[in-house]
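Listed here are the chains, written in short residue letters.
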Amino acid sequence: MTAARSEPAAARWALTGLALLTLGVLIVLPLCTVFAEAFAKGWSLYREVIEEPDTLSAIELSLLAVGVAVPMNLIFGVAAAWAVAKFQFRGRNILVTLIDIPLGVSPVVSGLIYVLVFGAQGWLGPWLNRHDIRIIFAAPGIILATVFVTFPFVARELIPLMESQGADEEEAALVLGANGWQMFWKVTLPNISWGLLYGVVLCTARALGEFGAVSVVSGHIRGQTNTLPLHVEILYNDYNYAGAFAVASLLSVIAVISLALKKLLEWKTGQAESGGLRRTETG
Amino acid sequence: MSIEVENIRKTYGAFEALKGVSLRIESGELVALLGPSGSGKTTLLRIIAGLDLPDSGTVRLHEEDATNTTARNRRVGFVFQHYALFRHLTVFENVAFGLRLRPRATRPPEREIRDRVNKLLELIQLAWLADRYPSQLSGGQRQRVALARTLAVEPRVLLLDEPFGALDAKVRKELRRWLRRLHDELHIASVFVTHDQEEALEVADRVAIMNHGMIEQVGTPVEVYDRPANAFVYGFLGDVNLFHERIGPSAARDSIGYVRPSELELSRHTGALNGAVVATVGHIGSAGPVVRIELKRDDNGQILEAELSRESFREMGLTAGDKVHVKPRNLRVFPDGSVPGGP
Amino acid sequence: MAGTGFKRFNVLPGFWPAFSYTVLYLSLIVLIPLSAVFLKSATTSWDHIWRSISSPSVVASYRLSFGASIIAGLISVAAGFLIAWVLVRYEFPGKPLADAVVDLPFALPTAVAGIALTSLYTENGWVGQYLAKLGIKVAFTPLGVVVALTFIGLPFVIRSVQPVLADSDQELEEAAASLGATRWQVFTRVIFPLVRPALLTGFALALARALGEYGSVIFISGNMPMKTEITPLLIVNKLQQYDYAGATAIAAVMLITSFLLLLTINLLQRRSRRFMEAR
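Protein chains in written order, with the numbering used here: chain A, 1 to 283; chain B, 1001 to 1343; chain C, 2001 to 2279.
Any given hint might turn out to be false.
Some chain A residues judged to face chain B by a derived CB distance under 8 Å, without partners named [said to hold, decoys possible]:
id, residue
1, Glu7
2, Glu171
3, Ala172
4, Leu174
5, Leu176
6, Gly177
7, Ala178
8, Asn179
9, Val187
10, Pro190
11, Asn191
12, Ile234
13, Asn237
14, Asp238
Mimicking PhoX-like on lysine-lysine, the simulated pairs with C-alpha atoms at most 20 Å apart in a straight line are [stated by the list, open to error]:
id, chain 1, residue 1, chain 2, residue 2
15, C, Lys2007, A, Lys263
16, A, Lys186, A, Lys86
17, B, Lys1296, B, Lys1323
18, A, Lys268, C, Lys2095
19, B, Lys1296, B, Lys1327
20, C, Lys2227, C, Lys2137
21, C, Lys2007, A, Lys86
Please keep in mind that the hints were generated in silico from the structure rather than gathered at the bench.
Since the structure is predicted, the reported quantities are computational estimates derived from the model, not experimental observations.
Ideal Cβ placement from N, Cα and C applies to all residues, glycine included.
So that you can see chain A by itself, here it is in the shape it has in the complex (with noise of 0.2 Å):
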């Protein structure tokens, strides 16, 4: 660095002191609060509050919601990032921005539009009720709010990067005699792993840490349609602050591991030379 480009070291420790100071208080802070407030009635309450039963369903109805929401938007983001990376049509531009959409809704809306369609007021609320369905107040509307919130996570990662790529790889399998197939797996998938990768580690922090969209399909029904972030608010309502801090330290945890995981995957796709991948954001 040289001078002209410098501040006095003085400027420099005082602006990154502010700095850091900022960032402890604002971000930091509330991550300490969550695993003090947690252990502040010990370690045995802790574990009690985990082992309920209630927080068992709640892990169970979260895990159910990432393990049908991912793999979706995972073939979804393949087959979208295929459609609009490697090929020129019309209406691409409007197609990529479509799929941006759930980014800017309200969590609380998009839990409102599947009331909208599947409620009991709603359009197939009568055909639903005749033939004894539940979706809203149920696990699939819990599921369905999940796929919704975290819906372009894993396409926007690999549109990017599959771009950037260019299709002569492919091209050149093609050519040496592969089909479809042996393209897709052979080349195509290898090249976008990592990127694969980091937006279902995206994909996968935001649909266990959903609260709106989930919260308004959800009914709150305790050891049933709860999710762990909706156990949290139960609890905290009920003037439970340790178990509430305590299921939300185990989200914190997963939180902290993705937010790792990421740092490692752009680290390892930064080494290779795989155009940079763009930061999404989660939570």
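Using the hints provided, position chains B and C relative to the given structure of chain A.
Chains B and C alone, transformed into the frame defined by chain A:
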């Protein structure tokens, strides 16, 4: 195994990439598609490979209509401009790729695959790099691996898109001689695309010069260089001086004459050169095997460039500011009024 | 044979299956359910819609949501620029960790952030107790909403500004310095104009996210009618009263607002890209 394209047309939106191109390449022949960028040469190559579809026209491989055959069934070898090596596979696996794809029935046994790949790696002199990944190779090495990968599937024709475009000058020269020798050994029909006239003239059996989606001329390097069909070809194959002159005894109209810098005769005396023009010597570039002299015509101020061998330059003892008499030794006039191409 | 004019010919297989699946899935999961908001609004009487979106408590919530989002966005811009600057320009121990921490609000579930911020800023919380001595109440006041939305918005600004600062041409600043500019002049006349589009984009992204934010706000806001109710909460309230039409009307207002914001962001990004390329 021959290649024949007939009346190929291709448009991208409003842009006409190819305007009815026909060309035949015999088995064992090495043909260069030479032209400036945007002349349609790469598009033509991709259409031969089946990587692109023509709007109309026919592609025949081995006298059979292959226009509607898919790329994977054409059995052509295609070497991409940027090599398109599989970045997640080693050099060995890149070369083995095409063989491993084959259905069980026609796939050679593993031992034979290994033998064949090893033989190819020896052919390209890169056996010692078998376990490296493409990102660890130099440009010239990648190019050779790309060739070996293509040859592994025993293609019926070999197509190369700007094979030396991304390499530095020294590696280019080495590789193009190597390509020529390789081609002579394989003896299949090969086509390569280039925008470098020196490369095309040195390596190819025949050169097809393209411009604006059409083939301007096809012929052996000697034919196209000595008897260019029009001003574009003339200009694209070497440096050009323009003579705006009434030429010849019967010239009633103004026409433009073309002459190469090496075909300008210079003299200090009028007597030796009949009908010469007088010019002033400007900048002299005397490094290298030929001496380049910038001349300014005294009558109309036009700038000419002449090339002299070092000996004749020394004999004449020219310095900047000298007056010389200049006469074209070999002035060409093209009736069609086309403009000379620049490389 | 060479395509129908809709799609340019390409030798790669699988366009139609991939494209059809994309459009089908997009329609089923996103477009059709989303259109329900507008169709539902279309079948509701205009009078009912108007009453739903203009009742005093709803208007109060607009004021809070917009006001707090804008203030939080401005704080994010100031703090985010400082943090991005330090992360890009200076070396200090623990820098990679500090950089990783920036993404925490993206990764932390909003409900977790909500209860953590609440406990931090109540009158006996780690931060709240000191603020209380100064007479500042944060939790259960509009100020709490601002704190939560700043937490959510800050990373958007940092991540928008960071790449621009990192890419900014060293020669540009050196050229300015060599022409006799002081460090402060270099900053205000060279660096800041360069970063301004990114700051604006970061602000718009933070604003868009803040307007719809739910989980991290509802705990710290206290949800007092007319005082600390945000607009998304009113949708939930109306749903709990089975006033679907009312909830949908407010949702339509929010959707239109956020689409307009996204459109602005798109234009901003296109402009800043052109700006960057023109250099």
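Could you grab the alpha-carbon distance between Lys186 (chain A) and Lys86 (chain A) and see if it respects the 20 Å cut-off? holds (17 Å)
Distance restraint between Lys1296 (chain B) and Lys1323 (chain B), which requires alpha-carbon spacing of 20 Å or less: holds (10 Å)
Min Cβ distance, Asn237 (chain A) to chain B: is it shorter than 8 Å? violated (51 Å)
If you draw a straight line from the CA of Lys268 (chain A) to the CA of Lys2095 (chain C), is it 20 Å or shorter? holds (18 Å)
Between the alpha carbons of Lys2227 (chain C) and Lys2137 (chain C), is the straight-line distance 20 Å or under? holds (14 Å)
Chain B contact restraint for Ala178 (chain A) - C-beta distance below 8 Å: With Cβ-Cβ at 5 Å, under 8 Å, it holds.
Holds or violated: is the Cβ of Asn179 (chain A) closer than 8 Å to a Cβ in chain B? holds (7 Å)
Hint validation: Val187 (chain A) versus chain B, beta carbon distance must be below 8 Å. Holds or violated? Nearest chain B Cβ about 6 Å off; hint holds.
Any CB of chain B closer than 8 Å to the CB of Leu176 (chain A)? holds (4 Å)
Hint status (Cβ of Glu171 (chain A) to nearest Cβ of chain B, threshold 8 Å): Holds. Min distance 6 Å.
When you check the alpha-carbon spacing of Lys1296 (chain B) and Lys1327 (chain B), does it fall within 20 Å? holds (13 Å)
Per-residue hint verdict: Gly177 (chain A), partner chain B, C-beta under 8 Å: holds (5 Å)
Hint compliance for this structure: hints 1, 12, 13, 14, 15 are not met, and every other hint is.
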